[in-house]
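The chain contents come next:
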Amino acid sequence: MEIKNKKLTDHQFFAERKEILEHWPTGKGVDFAESVEYQKSIPQEKRFGTKLAKAKEENITLIQPRAGVALYQEHIKLLQYLENEGEADLLPTTVDSYTRLNRYTEAQTGIDKSKESGRSMLNGFPIVNYGVEICRTVTSALKSPVQVRHGTPDARLLTEISIAGGFTSYEGGGISYNIPYSKNHSLEKTISHWQYADRLIGMYEEAGVSINREPFGPLTGTLVPPSISNSVAVIEAILAATQGVKDITVGYGQCGNLIQDVAAIRSLNILTREYLDKFGFNDVRITTVFHQWMGGFPQDESKSFGVISWGAAAAVLAKATKVIVKTPHEAMGVPTKEANAAGLRATKQLTSMLKDQSFTDIPAVIAEANIIMQEMKCILDKVEELGKGDYAIGTIAAFQAGIIDIPFAPSRYNAGKVMPARDNTGAVRFLEVANLPFTPDLLKFHREKLEERARYEKRPVSFQMVIDDVYAIGKGFLVGRPNRVNS
Amino acid sequence: MEIKNKKLTDHQFFAERKEILEHWPTGKGVDFAESVEYQKSIPQEKRFGTKLAKAKEENITLIQPRAGVALYQEHIKLLQYLENEGEADLLPTTVDSYTRLNRYTEAQTGIDKSKESGRSMLNGFPIVNYGVEICRTVTSALKSPVQVRHGTPDARLLTEISIAGGFTSYEGGGISYNIPYSKNHSLEKTISHWQYADRLIGMYEEAGVSINREPFGPLTGTLVPPSISNSVAVIEAILAATQGVKDITVGYGQCGNLIQDVAAIRSLNILTREYLDKFGFNDVRITTVFHQWMGGFPQDESKSFGVISWGAAAAVLAKATKVIVKTPHEAMGVPTKEANAAGLRATKQLTSMLKDQSFTDIPAVIAEANIIMQEMKCILDKVEELGKGDYAIGTIAAFQAGIIDIPFAPSRYNAGKVMPARDNTGAVRFLEVANLPFTPDLLKFHREKLEERARYEKRPVSFQMVIDDVYAIGKGFLVGRPNRVNS
Amino acid sequence: MDKKTIVTGVIGADVHAVGNKILAYALEQAGFKVVNLGVMVSQEEFIEAAIETKADAILVSSLYGHGEIDCNGLREKCDEAGLKGIPLLAGGNLVVGKQDFDQVSKRFKEMGFTKVYPPGTQPETTIDELYQMLGIKQQ
Amino acid sequence: MDKKTIVTGVIGADVHAVGNKILAYALEQAGFKVVNLGVMVSQEEFIEAAIETKADAILVSSLYGHGEIDCNGLREKCDEAGLKGIPLLAGGNLVVGKQDFDQVSKRFKEMGFTKVYPPGTQPETTIDELYQMLGIKQQ
Ligand code: B12
Ligand code: B12
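Chains as they are written, first to last, in this note's numbering: chain V, 1 to 487; chain R, 1 to 487; chain U, 1 to 139; chain P, 1 to 139.
Pulled out of the complex, with its shape left as it was, chain V reads as follows:
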């Protein structure tokens, strides 16, 4: 398979499309022209991109939950509850794991078993099985814009049904919905699949319907250094823009050190703009999303409120356009609607309370952002070099060479050699840089940061730090100190 970062031709696209819409019976329900009209009938205040643009202009941070259940009437009730009782500004529809893997038969079993047992046996909403009409029933029942959130390596049919179904924003990307979410999908395949999704959205755009697109920022959610996830975000923004996408929200998953978190959003903003402009995508609108801590949560609900609130605060102080909200049930399982709304309200209190405070321009943030940007440039420029200017080819080569390497990812197409660990202030640094193409200065910077921690903890820099850091937030800490230090 040969892919290039070039806009798919109509010929390519429609040939592929014919096949895709056959994958499951509901594919027949998709009619592009009719869907364009349907999308145009959606009022502006229910359009995702419009609401984001307004928030960006007002310098405020919107809040959005994750949520999805097996039965659609229940799903509507859930989302209504979240916008009314949870004060959510933006709504999600989180898709179940079978659909994510195109296992629609198993998803159907899930729907059926859920009907029988009266509780949701799926961890999300099976969009493909339901098809266009039911999706429209869902999206039109709500006051707020709704986005599809999933984790699907091959989301072509899902994208078709979702946009025809009235969703106005769509998460994912050929890297971010592959490497953290899959074991065996090659990047060639998933980048190609996502070119399809992006091209479809580009076609809606050309037909006068703007759909917001969001690469999945946090990747594995666990100690991912900002420069890695930011680089992936920039690449996916370039890939999407190439297919004609005009409205992109780049994302980042909170690491926990405030300076680093604010700096991550700062650098993400600056370099996404810079790289998009470089390729002539000056008309692409950029907004940002900050994910509250995406790794392991404390079991205790009150402690979870602490983590959630800290994420909310960091998002606002970083001036992210929206924040994705966790719930006090995070460590236990898919939350009840009450727990979900509780996380939202705690977050809302802080997004509104802190909206007039900003940390984006303080010297420590600027310094940290400069480090992140240097690292991003090392990675991105090497990707460009490997691809001889083509970011699709470059990305595939970069993963092969470990130039991009995502910690803890399940994919066999990921080198898995990079090892992150927190420094003495909790910022995520590199314990093992492996093949990342960093300058000697950057290597030295990270080494010194970890040695500082090692001295403080009176133990050598080692893999045990990584393990301790993975558990730390769940146990109430940020830096995973040896017991004798933390107690």
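Where hints are given, some of them may not hold.
So the derived list for chain R, only partly shown, Cβ under 8 Å to chain V, looks like this [as the list claims (entries may be wrong)]: (1) G256; (2) F279; (3) N282; (4) D300; (5) S302; (6) K303; (7) W310; (8) T347; (9) M353; (10) I362; (11) P363; (12) A364; (13) G476.
Away from chain U, derived, C-beta distances all over 12 Å, residues of chain R [as the list claims (entries may be wrong)]: (14) W24; (15) G29; (16) K46; (17) Y81; (18) R119; (19) T137; (20) S186; (21) E205; (22) K246; (23) I270; (24) R285; (25) S358; (26) N435.
Quick list of simulated restraints, FRET-style, between CB atoms [to be verified]: (27) U:T114 x R:Q400: 38 to 48 Å; (28) P:Q122 x V:K113: 27 to 37 Å; (29) V:E57 x R:G118: 54 to 64 Å; (30) R:E452 x U:T125: 25 to 35 Å.
Simulated from the structure, these hints should not be mistaken for laboratory data.
All C-beta atoms, glycine included, are put in the ideal place defined by N, C-alpha and C.
Following the hints, complete the assembly by docking chains R, U and P with the ligands onto the known chain V.
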């Protein structure tokens, strides 16, 4: 009545003491020499000052709830619950409002009615009515150090019974437990009463027993500009040290703007040390306490978790030695033990998670702290001038002249002319400086800050801002914008 | 139309001054004559002030939790003092702890209060209720 | 003493890799021979690996909520494949949502699992349980 900031003579003290111990039958149970021995038998890890000193050395922030109920067995259970389930580092015993006003007969009614009804009919624990032995039963039943927290203008008998009863820390002061907590007590009287309390603790100190003393930082808890509360804290530290107190925790109530809050603790630390040293109290140990937002809370429990967590974060980033924790029931009433523990655990998550991050030395904080310190010096030096070097006399004169003036205080001895309001970033500024002896530069600074807000809100600087600010946090905001701006 | 006179204050040993100050200000803005007794007001002081100013209603605040003890007997004392039927309103955080408000309201009504308000009652609500109760048409 | 062999993996369409990686590392450190199948492991793969490596126990993780569907029938397949009686342990976030764990445990035991562990089970606990279950004396 003539008072001076001089150590009480033994003659004065013991004459007064004889009378005091007669105020209520339980006074007879106090024996100083025996109590010194009892206090000496308390192990170090249960001593308040020791635990604070250790925390200060380790640069961590301890957490402490407020709690007190009418029946002592219930009170013990409550405190045990808070240290076990709430992970409190330090414990309180909050005293009921009748005791605070020396209305021991009504407190007795409260105890009796509570026994009858099975629910606490008092808003705190009536220490005086219970007397020394029951206090010892309480304090010895717990693993952590216990402090008396109250709000008592005349706390002489309460102090005697408390310290004899095994409490190792004691909150209050002649200003901070008068002006916000009383209507008719003159400052002459309450300063004199608190000289007694401080002298008693000085005597314990001389006998080899160190009791921690804490002026009540937040005052009315509602939009008190840091320079006012910090000035009161410094004065009460001086007054206490004069009577021989050696271990002082100065406090501050969160205002909500992070830079200002961190700067408040920074300036409090620096100037308390400076002024104590100036009077030769170089051997007095200073620690700090940060109170999570003390004004009106949101009704919603999840939103309250947001406010609580933000307070926790600010406390740690300011490196306060301890933080006083609110609960998700704050707006509703005295919390259940579960709600109290929930507030504690949310706070604990953040005090431990953020302990390796500090904002005390960032440029914005240093600049803000310099403003606060300039203001404090204006006030303190004027107090000194009015008292011709005597801070007791000076304080009384200063309140008369409105040189110190605490917003929203109920006391008739407070001028009540100063009006605070938030600036455009939520920092508390002066809308009306009234008679505070500020320099023209400072006046200009505050005026400009509020005019900036007025321009943003498109309305004149006015009392309506103050009202809007009082309600703001309860409604989910920090700055009380007019509806058209906030919605 | 003549201004209606309202006596306000915080009963008992309660010193919560903020709400009291702001409520008094809001009532004045809304066109009432406000006789604000401030904090730590005894039952007798409420009654004296109401008689002296021919008040149309008494607004009792209690925040600190002892409201139930402090308010007990106020209605009887009003009756004795010749203030039979005067509207007695209570609001704030009337009891200790987070209790079922219906229960609380019932207990206070049994004590003779005309209306009882839960924690966090907004000034606009208070004003509207007074307009209604005293038959004032809102401009 | 010979090392005991443990097969580990995350069942079904589940890609939660972090706990799996860390658990495998911890088990190795604790002296087990670990055959870690990673994520997205089918029942068949578990069984094949267990047969091939003569495993002493199978540790099934499921995080994403579909555990109940995915684990159903594993015991029967083990029996058929000649792995009668092999300890089958399940842990992670086995079901959708926060459910009463006793109920969950009961359902999984009815499906033939030897022991079932709640969310957040610490590696130390897992190791201790294996030591006990496989009769290993801890040094
Ligand atoms: C990180 C994370 C992710 C990352 C995973 C990255 C990766 N590839 O590894 C990303 C973001 C990709 C992700 C995706 C999804 N996730 Co997820 N995720 C988490 C999270 C936050 C942490 C998991 C983790 O790494 N924990 C740290 C490790 C060290 O702990 P652990 O995994 O629990 O494992 C330990 C113990 O459980 C135990 N253990 C595990 N197995 C076994 C077995 C035995 C026998 C024993 C004794 C012990 C044991 O030992 C392990 C080591 O200590 C959890 C919630 C949480 N726990 O806080 C949700 C969570 C597991 N995810 C969830 C869901 C629903 C999903 C998604 C379906 C939807 C989504 N939110 O996007 C997708 C699933 C995709 C798929 N097909 O699997 C749910 C599951 C819900 C449920 N069961 O009801 C959770 C609980 C969040 C929630 N509350 O909704 N997730
Ligand atoms: C600020 C505050 C203080 C300050 C008060 C400063 C001062 N002198 O004013 C300080 C720190 C000194 C303080 C002290 C105490 N406090 Co205090 N305090 C508060 C707090 C945080 C805010 C109160 C406030 O100012 N709200 C803002 C104003 C605008 O609202 P408001 O007072 O509720 O009034 C509005 C409405 O209620 C309504 N309203 C009021 N009265 C009436 C009457 C009628 C008829 C109507 C219609 C409406 C109405 O209109 C008002 C204006 O909008 C509340 C909790 C909260 N609400 O978040 C606790 C709270 C009231 N305090 C409480 C307690 C227990 C105390 C103390 C006993 C102990 C302590 N914690 O130290 C002492 C009491 C001392 C005493 N003798 O009274 C408890 C009461 C518990 C209960 N009822 O179960 C509360 C609820 C906190 C809690 N959850 O424990 N407190």
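Q: Any hints from earlier that this structure breaks? Give me their numbers in increasing order, please.
A: 2, 3, 18
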